[in-house]
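Here is what each chain is made of, one letter per residue.
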Amino acid sequence: MKTRARFGVTFRVIAVLILLGIVVFPLYWMFVTALTSDEQLFSGTTQFLPDFSQIGIFAEALAQGDVLRWLLNSFIIATGTMAVTLALGIPLAYALSRFSFGGKVVVGIALLFTQMLPEALLVVPLFAIFRETGLLNSIPGLILADSAFVLPVVALILKGAFDGVPREVDEAARMDGARPGSVLLRILVPLITPSIAAAAVIAFFTAWNEYVFAVTFIYDKSLQPASVGVAGYIGEQDTSIQTIMAVALIFTLPAVAFYLFAQKYVIGGMTAGAVKG
Amino acid sequence: MSQTGIRRGRFRRSPLGSKWTPYIFLVPAMAYITIFQLVPLLQEIYLSFTKTSLLNPGRNVWVGFENYIATFQSESFQQTMLVTLVYVVVCVAGSVGIGLLVALLLNSRFPGRGIARALVTIPWAAPGIAVAVIAVWMLNAQYGVLSRFLSGLGVAVGEGGVLDDPNLALPAILITTVWQLFPFTAVVLLSALQSVPDELVEAAHVDGAGRWWTFRVVTWPVIRPTIGLIAVLMAIWSIRRFELIWLMTRGGPLGTTKTLVIDLYSQAFDSKQLGTAAAIGMVGIVISLIIVVGGRLVANAAERNS
Numbered sequence: 001m002k003t004r005a006r007f008g009v010t011f012r013v014i015a016v017l018i019l020l021g022i023v024v025f026p027l028y029w030m031f032v033t034a035l036t037s038d039e040q041l042f043s044g045t046t047q048f049l050p051d052f053s054q055i056g057i058f059a060e061a062l063a064q065g066d067v068l069r070w071l072l073n074s075f076i077i078a079t080g081t082m083a084v085t086l087a088l089g090i091p092l093a094y095a096l097s098r099f100s101f102g103g104k105v106v107v108g109i110a111l112l113f114t115q116m117l118p119e120a121l122l123v124v125p126l127f128a129i130f131r132e133t134g135l136l137n138s139i140p141g142l143i144l145a146d147s148a149f150v151l152p153v154v155a156l157i158l159k160g161a162f163d164g165v166p167r168e169v170d171e172a173a174r175m176d177g178a179r180p181g182s183v184l185l186r187i188l189v190p191l192i193t194p195s196i197a198a199a200a201v202i203a204f205f206t207a208w209n210e211y212v213f214a215v216t217f218i219y220d221k222s223l224q225p226a227s228v229g230v231a232g233y234i235g236e237q238d239t240s241i242q243t244i245m246a247v248a249l250i251f252t253l254p255a256v257a258f259y260l261f262a263q264k265y266v267i268g269g270m271t272a273g274a275v276k277g
Numbered sequence: 001m002s003q004t005g006i007r008r009g010r011f012r013r014s015p016l017g018s019k020w021t022p023y024i025f026l027v028p029a030m031a032y033i034t035i036f037q038l039v040p041l042l043q044e045i046y047l048s049f050t051k052t053s054l055l056n057p058g059r060n061v062w063v064g065f066e067n068y069i070a071t072f073q074s075e076s077f078q079q080t081m082l083v084t085l086v087y088v089v090v091c092v093a094g095s096v097g098i099g100l101l102v103a104l105l106l107n108s109r110f111p112g113r114g115i116a117r118a119l120v121t122i123p124w125a126a127p128g129i130a131v132a133v134i135a136v137w138m139l140n141a142q143y144g145v146l147s148r149f150l151s152g153l154g155v156a157v158g159e160g161g162v163l164d165d166p167n168l169a170l171p172a173i174l175i176t177t178v179w180q181l182f183p184f185t186a187v188v189l190l191s192a193l194q195s196v197p198d199e200l201v202e203a204a205h206v207d208g209a210g211r212w213w214t215f216r217v218v219t220w221p222v223i224r225p226t227i228g229l230i231a232v233l234m235a236i237w238s239i240r241r242f243e244l245i246w247l248m249t250r251g252g253p254l255g256t257t258k259t260l261v262i263d264l265y266s267q268a269f270d271s272k273q274l275g276t277a278a279a280i281g282m283v284g285i286v287i288s289l290i291i292v293v294g295g296r297l298v299a300n301a302a303e304r305n306s
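Residue numbers (UniProt numbering), protein chains in the order written: chain C, 1 to 277; chain W, 1 to 306.
Calculated directly from the structure, the hints in this document are not laboratory data. Some hints could be false.
Claimed, not checked - Straight-line alpha carbon distances no greater than 30 Å define the calculated BS3-like cross-link-like pairs of lysine-lysine that follow: (1) W/K272 with C/K221; (2) W/K272 with W/K19; (3) C/K104 with W/K19.
Starting from the given sequences, assemble the full structure and let the hints guide the process.
Written as structure tokens, this is what we have:
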């Protein structure tokens, strides 16, 4: 019995290592490629270990052309999207969680339905609307478009979080005469801070990663976010593959780091959103 | 309870405590969603019944169902539907199947479990753009590590590499997508598995049930609703999925990776045919609706039966 159990653990550890290899390898390969010298790269043999003497490539990559500009644009777009979705999503989730009102079912169906809309479909009419209102080729316009797509997810996650707080907690305050707005801000929001943080991370990185709207709405190079910049490297011959990998890695790592850091809440939130959505 | 009644009375006098209160919180968000999603959707529905060029969007000629009829009759669209079907089915089956196995593995006991559970989410956290960039590089015909690996295995890859090969491009995209999706299903299923009561599993073992039997009788009933939901979610995500396919192949070679959404985007922005693009988009939305409603009905039926 005992040897069988030990064999089981060994087997599991091997399976987990294979799994992690498959999961981590592409990111590792970005890193190795960035840190490979030209001679090595085109020598015909595959080099599986990074060459740390090439570490300067990361600084060089950042100094290249528009890379810092892209990252800054992405940061502004992502922060703006996060702010807009939280400002609209928190009140919406509160209303859905704590009140019964006419049209509640319609709101629920609308939120569910918007999750089915492909970005590629709405890009055309939004393009027309933005052209008429002067939002085309502007960062605020992109923030508004991105926010509309994250808002339903954020609202569903936050509704799930509000639902998890017993009603007695805020009802007591309301019965004492506190207005709904201050109940929300003073009592409920502090109680669900982790879920709000998770929703904020999701909103931030959805906008950070967004591509379809960005590539269609923004045509000024100086306003492009990093997603468009990095995607532009595909099929392009002028930039060295090491630089491409270094920039792609710099673009990827914040997202991965944040998800790892906040994953407990993000996954809890996404699951709640998924289950309700 | 009687006390609550008295207090409710006082609450009603508060100026914001009327039946209009929820709308104060609700209206900004719903107005926003209406402006940025529902109004464009309505415009798109209208466009699908017109002949409209991207270069001349003001001039719409009403053509009724012409776009739909022409779309359904074209051979390339039949291929698009087939590719979409394969893409959705493989993405759902692959991500749920592998996700379940990985969830079971990560739910068992082994050293370093916490780190493994954290690391497994990496593909899902990585931006689709970065995934496309690294996939294209790894599949590069001359220098790609996967191309070398494949030729080492004896797979014949043409001059242009895997993504230029009509037989290999779709499998490559499917593997990449499943790689990115299965961690999400794994983590969601893992949290479902954690609500399986240990006592029940032990009781089954004591009764002499084998692993497979324990899974069927104890674990499966608990995770089945989650599997249904995640499958529907994965299906909708795969239908919507754009940037990975677009950046890896743009729907090529020979349309072998052209899904509905890729077709829609290239109709709009390459061929400038907004009406046709809109009609294709509507087909996608109807399919998503059928999946969601169908999923609900199946789930309800299953609930009634059990």
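Okay, the hints, checked on the actual structure:
no., hint, verdict
1, W/K272 with C/K221, "holds, 23 Å"
2, W/K272 with W/K19, "violated, 49 Å"
3, C/K104 with W/K19, "holds, 13 Å"
Checked against the numbered hints given earlier, this structure breaks only hint 2.
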